[in-house]
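Here the protein sequences line up with chains A and B, keeping their order. Residue numbering for the first sequence follows numbering that gives the first Met the number 0, beginning at 0 and increasing consecutively. Residue numbering for the second sequence follows numbering that gives the first Met the number 0, beginning at 0 and increasing consecutively.
Hints in this document: simulated from the structure, not taken from any laboratory. Each hint can be trusted.
Away from chain A, derived, C-beta distances all over 10 Å, residues of chain B: (1) Glu-78; (2) Gly-165; (3) Phe-203.
If you anchor each label on the Cβ, the simulated ranges turn out as follows: (4) B/Leu-57 <-> A/Phe-127: 30 to 40 Å; (5) B/Leu-255 <-> A/Tyr-140: 25 to 35 Å; (6) B/Thr-228 <-> A/Tyr-140: 26 to 36 Å.
Bear in mind that the values here come from a model prediction, so they are computed numbers and not experimental data. For every residue, glycine included, the Cβ atom is placed at its ideal position computed from N, Cα and C.
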Amino acid sequence: MIRRQILRYTPNQRTNHWLVAIFFLMAALSGLALFHPALFWLSNLFGGGPWTRILHPFMGVVMFVLFLGLVIQFFRANFFISNDRLWLRRVGRVIQNEEEGVPPIGKYNPGQKLLFWTLLLCMLVLLFSGLVIWRAYFSEYFGITAIRWAMLLHALAGFVLVLSIIVHIYAGIWIKGSVSAMVHGWVSRAWARKHHELWYREVTRDEHPERPISKKG
Amino acid sequence: MASQDIIARSATTTVSPSVRNQEEVAKLIDTTKCIGCKACQVACSEWNELRDDVGHNLGTYDNPQDLSAETWTLMRFTEHETDAGNLEWLIRKDGCMHCAEPGCLAACPSPGAIIKHANGIVDFDQDHCIGCGYCITGCPFDIPRISQKDHKAYKCTLCSDRVAVGLEPACVKTCPTGAIVFGTKDDMKEHAAERIVDLKSRGFANAGLYDPEGVGGTHVMYVLHHADTPVLYAGLPNSPTISPLVELWKGVSKPLGLLAMGLAVLAGFFHYVRIGPQLVEEDELPILKDPAVHEVDPAVHTFDPRGEDRP
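Produce the entire structure from the sequences given, and follow the hints as far as they go.
See the structure below:
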């Protein structure tokens, strides 16, 4: 008996995702330390206030560059398709774990697609506003009004990003099987058909029964 | 000993010790008496042991060109032609205004890096400074500077070390014309009022005191000949306030942001508790059998007494 599984993420994609996650965690914790006094204690995780100030922008830039890797690999699968509109209208049912009337969707559901584009927008805003307020290297090239706008936008984009990632993490906890998809790469056929039916049909269209493991095993 | 005279700390959301009732001090700079000798700059540099790099002459008397981490006060010279065609040489000693509602303190993310004393002096504690430069963003007067040596923010301390032991600031002590005076804020306002009466009697109809309301008043005040247009004095803001962008960035939006993040986590938790996880029942799809594998031992024959399977 073989439980034939489907590869959802390649080892490179998984590595890329988790590197982004690690750098996001560090950039977010150090950013939150400067976001509000109630969280300044987080700066102790990075060796104190000055180290937090020094490290945060570098962690952010590394996160951005790694995130671009994800964008290049996944942006095609994140264009909206016609079923997405109906799915979004019936998102209430999705949240209630109801399946009736929820249209089949592709490799990513519209919620994931919205998240993808939101993350991309936040990352771009964070990068450019972050450069403007990076005192050690770039702030001297900008006027005070630009710096004030950048401060505001940076905090806003950081807030939206953290909020989006909270939703993203919870979705992983909620939808059983999605964390393991990103950890070891495989999903069951039933999972693929239940959550991403169009993608399931696409990847199984011309299939021959094959073992899911590669020759290297 | 606890510092009971610190009445406001940066990045601190509770009330600081405030039972002591100290009199507010102020430095009054009378631009109408200033001769631009820069003795105050030298006194500041001597008392605070600051030695800025020698800069370049760019064709004005401003020397150095701008404030820096090692230049906490600076004479700014403006040649102003009046409507009557007279040339006026407006000289303003620039430096920290020690606002009653300091934008730098509001913007600072590091607890205690910027403090306000009960006497009104706004001071930077470089020990707690993390070098982020948010104070520069918050300041309506463009005063704080980050040192490129240690990446800490610096500005005029109003000689808080001298004032604490009953001395006047170094610039006040050295000023040869009495253009800079120091005392309680009330006394300085009174002194300014006398000066303004005198100036008005001598033809400066718009003479007045610069103690801008937008920042709650300042503990460094100017007597100006043209108090109706402070911006003449090398860009002194007409009505300085903490920028609305900074207010939005540092005001109510961040506690609300934290609340939203907390609520998002809670919403997830209760969604899980009430609605539960999305599980895939694996037998929704029959598990495909590999035809190459015989699941029944071919050596075992099933007995069929009625022979119904036989052809």
